[in-house]
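Asks: Now for the letters of each chain:
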Amino acid sequence: MTTLTRQDLNFGQVVADILCEFLEVAIHLILYVREVYPSGIFQKRKKYNVPVQMSCHPELNQYIQDTLHCVKPLIEKNDAEKVVVVIMDKEHHPVERFVFEMSQPPLLSISSDTLLSHVEQLLRAFILKISVCDAVLNNNPPGCSFTVLVHTRDAATRNMEKVQVIKDFPWIVADEQEVHMQEPRLIPLKTMTSDIVKMQLYVEERAQKT
Amino acid sequence: MDELYLDNIDEFVNDHDKIVTYKWLSLTLGVHVNTAKQMLYHYLDHKRKESSAPLHATYLVSGKFVDNGQTSHKVSVVKEDQLEDVKSKMSLIVSVHVYSVQKALLKDSGPLYGVDYDAVKDNLKNCSRYSAIRCASAVPRSSVELQQARHTQLAPAPEPEHKKSATNGDATPASKPSTKPQKGIMGMFANKSALKNQDSGKEVKSEQKEDAPVVDEPKSKPAAKANPMMNFFGTQAAKKPEKTVKQEEAAPSSSSAEQQRPSSQPEETHAAAAAPPKNSKKDSRSKTKRLEDSDSEEEKMDKKKRRRIKKPEPDSSDEDVIPDSPQQMETREASPSPKKKAEPVSQSHQGNCEMKMRKKRRVLKSRTFVDDEGCIVTEKGYESESYSEAEDDVPKDPIPAKRPASSKPDEKKSQKKASANSNKGTKQASIMGFFQKK
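Those protein sequences? They're chains V and Z, same order as listed. Counting with the working numbering, you get residues 276 to 485 for the letters of the first sequence. Counting with the working numbering, you get residues 441 to 878 for the letters of the second sequence.
There's no promise every hint is true.
Restricting the straight-line Cα-Cα distance to at most 27 Å, the calculated cross-link-like pairs of lysine-lysine (BS3-like) are [what the hints assert, rightly or not]:
1. V:LYS321 x Z:LYS547
2. Z:LYS543 x V:LYS321
3. V:LYS465 x Z:LYS547
4. V:LYS321 x V:LYS484
5. Z:LYS543 x V:LYS465
6. V:LYS319 x Z:LYS561
7. V:LYS352 x V:LYS484
8. V:LYS404 x V:LYS347
9. Z:LYS514 x V:LYS404
10. Z:LYS561 x V:LYS465
11. Z:LYS547 x V:LYS404
12. Z:LYS489 x Z:LYS547
13. V:LYS484 x V:LYS365
14. V:LYS319 x Z:LYS489
15. Z:LYS519 x Z:LYS489
16. V:LYS365 x Z:LYS547
17. V:LYS484 x Z:LYS489
18. Z:LYS487 x Z:LYS514
19. Z:LYS565 x V:LYS484
20. V:LYS404 x Z:LYS487
21. Z:LYS514 x V:LYS473
22. V:LYS321 x V:LYS347
23. Z:LYS547 x V:LYS484
24. V:LYS473 x Z:LYS561
25. Z:LYS489 x Z:LYS543
26. V:LYS321 x Z:LYS561
27. V:LYS321 x Z:LYS487
28. V:LYS319 x Z:LYS514
29. Z:LYS561 x Z:LYS543
30. V:LYS465 x V:LYS352
31. V:LYS484 x Z:LYS543
32. Z:LYS489 x V:LYS321
33. Z:LYS487 x V:LYS319
34. Z:LYS547 x V:LYS319
Ranges between beta-carbon positions, derived for each pair [unchecked claim]:
35. V:GLN452 x Z:ASP507: 23 to 33 Å
36. V:LYS352 x Z:ASP507: 27 to 37 Å
37. V:LYS319 x Z:ASP507: 50 to 60 Å
38. Z:ARG488 x V:TYR338: 26 to 36 Å
39. V:ILE462 x Z:SER549: 19 to 29 Å
40. V:TYR338 x Z:SER549: 51 to 61 Å
If you're looking for bench data, these hints aren't it; they were derived computationally from the structure. C-beta atoms are modelled at their ideal positions from N, C-alpha and C, and glycine is treated no differently.
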């Protein structure tokens, strides 16, 4: 049994890696389940030992990867409070928001060999829940698009604006229009608590979608 | 049959929004699978009569299927709307039953597997307890039989030194390529646990394969062990077991490591003449001191396994030729060994704390740079350690760094980036001072 603390071995990086991998899979799955893109571009792949749907479109994949690459430093420092996948209709009004709220305990320490398999199990449950969220959500109007917003603590975004982590991929402060939704209905999907991270997933849905 | 089952299923489906498969239901309620199937059928019937919230179901259909004159037995899971269609296509229907019930209309069959995965994993030993399929002679092998089976499979295939032979010996090496696509930590740790299982198997084997005249008993173990493994699994796998072996041996060898060091010198030269894997033995013996050597090998295999770190090995050109690299390691180690003798005292301290960490994490890289080019590289390693009394921030950062020559500026660069999130250790203060002066 080994005990690692946050100071050791850049533990923040480990957690950030795990979370970013999960977010990538989750975003792809959300796009598939909510039919934001035609299902033909998706292909079955394996993650956490279960089949998941990932897109094959190179530009879409690159966009998602770049987005998460920029979010990763925020997660490392535990500055990212929420990562939100917003699905918007043709007029760019949000229709659905999948909110991943995450927080890391300040004194992180792993003291268990089975920690990662436990985390894997919890993440698998998230994936499963996203797959069946159809049951509780109304259908989206056609022609939707999506975007990713990050809510950070304090003023962490100031650094992001100063330093472009990826060239030609700037992050800007989101418009009010994209952030706020009229008459949202809150539907909780899943929560998980583990030694390394606490995460909650819920969906805010607009009462009238069309 | 307990009458509460209808309420139970109702709770699972409607309140928890779960997908209830018959297998999951049988494991959860502790009933035979046929009972579970009937329960689901009754539930569906009941709910449909009540015509409350829409429920969806999937069915399992199995039967004879004629395809261009060839008959085959086809088993398929179909959605409800396709049920009649599939049934009519079959020439003979052997069984039809409810596979799952859920509230949401599933777009693909992926989640069905996910539902059963955890339930089966929890009941791994007796997942067929409620199963309708039985075979009296299908009994899990005992561990003794398992080792014997591995034994007989490994023995006849020592010659081919490429990866294909790995699948001969063990099922687990074959899983390594499949875990490679799993980027990052998960894949890394899945591999490690797989290799640990192999170690126990190889231990038995190594004792029988006599290799070289080595004095100590514990020393011969890793040596002989390394030999078959080098041959069968190539560098990557071989170094991983070496690493785990070294860690196991670290405890007993740490106390006597100093005495072994001088004795290891003559044995090194002797070993260099004898066979390639000897250096691994030497490494394991003096593991706590000779971290550079062991680290470079571990780093090689770790880096090759981790797709994320796509850097060419800092150990430079040697890696291309797999069997040669250990030999070259040896010759190099012979020359800078007097230098290393001076260092181990300071390094051993860090070695101890790093050992704990190494088990869980990827290898501490700075060591690798140490070894490669002989003296020069050794100095590098030494210097980084003098800065880092207890911290491993310096070693951890070079993961993304490229070549040893350019690693220094990269190290410092990545240290700067990491400094934001890592705590300010004593060594970091001095290194950061270098940057902040800009």
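Asks: For each hint, tell me whether it holds in the structure or not.
Replies: Hints, verified against the model:
| no. | hint | result |
| --- | --- | --- |
| 1 | V:LYS321 x Z:LYS547 | holds, 17 Å |
| 2 | Z:LYS543 x V:LYS321 | holds, 24 Å |
| 3 | V:LYS465 x Z:LYS547 | holds, 20 Å |
| 4 | V:LYS321 x V:LYS484 | violated, 33 Å |
| 5 | Z:LYS543 x V:LYS465 | holds, 17 Å |
| 6 | V:LYS319 x Z:LYS561 | holds, 22 Å |
| 7 | V:LYS352 x V:LYS484 | violated, 37 Å |
| 8 | V:LYS404 x V:LYS347 | holds, 24 Å |
| 9 | Z:LYS514 x V:LYS404 | violated, 30 Å |
| 10 | Z:LYS561 x V:LYS465 | holds, 21 Å |
| 11 | Z:LYS547 x V:LYS404 | holds, 14 Å |
| 12 | Z:LYS489 x Z:LYS547 | holds, 25 Å |
| 13 | V:LYS484 x V:LYS365 | holds, 11 Å |
| 14 | V:LYS319 x Z:LYS489 | violated, 36 Å |
| 15 | Z:LYS519 x Z:LYS489 | holds, 20 Å |
| 16 | V:LYS365 x Z:LYS547 | holds, 24 Å |
| 17 | V:LYS484 x Z:LYS489 | violated, 31 Å |
| 18 | Z:LYS487 x Z:LYS514 | violated, 30 Å |
| 19 | Z:LYS565 x V:LYS484 | violated, 49 Å |
| 20 | V:LYS404 x Z:LYS487 | holds, 23 Å |
| 21 | Z:LYS514 x V:LYS473 | violated, 44 Å |
| 22 | V:LYS321 x V:LYS347 | holds, 22 Å |
| 23 | Z:LYS547 x V:LYS484 | holds, 21 Å |
| 24 | V:LYS473 x Z:LYS561 | holds, 24 Å |
| 25 | Z:LYS489 x Z:LYS543 | holds, 16 Å |
| 26 | V:LYS321 x Z:LYS561 | holds, 17 Å |
| 27 | V:LYS321 x Z:LYS487 | violated, 35 Å |
| 28 | V:LYS319 x Z:LYS514 | holds, 22 Å |
| 29 | Z:LYS561 x Z:LYS543 | holds, 25 Å |
| 30 | V:LYS465 x V:LYS352 | holds, 24 Å |
| 31 | V:LYS484 x Z:LYS543 | holds, 21 Å |
| 32 | Z:LYS489 x V:LYS321 | violated, 39 Å |
| 33 | Z:LYS487 x V:LYS319 | violated, 33 Å |
| 34 | Z:LYS547 x V:LYS319 | holds, 12 Å |
| 35 | V:GLN452 x Z:ASP507: 23 to 33 Å | violated, 55 Å |
| 36 | V:LYS352 x Z:ASP507: 27 to 37 Å | violated, 58 Å |
| 37 | V:LYS319 x Z:ASP507: 50 to 60 Å | violated, 24 Å |
| 38 | Z:ARG488 x V:TYR338: 26 to 36 Å | violated, 44 Å |
| 39 | V:ILE462 x Z:SER549: 19 to 29 Å | holds, 25 Å |
| 40 | V:TYR338 x Z:SER549: 51 to 61 Å | violated, 28 Å |
The earlier numbered hints that this structure contradicts are 4, 7, 9, 14, 17, 18, 19, 21, 27, 32, 33, 35, 36, 37, 38 and 40.
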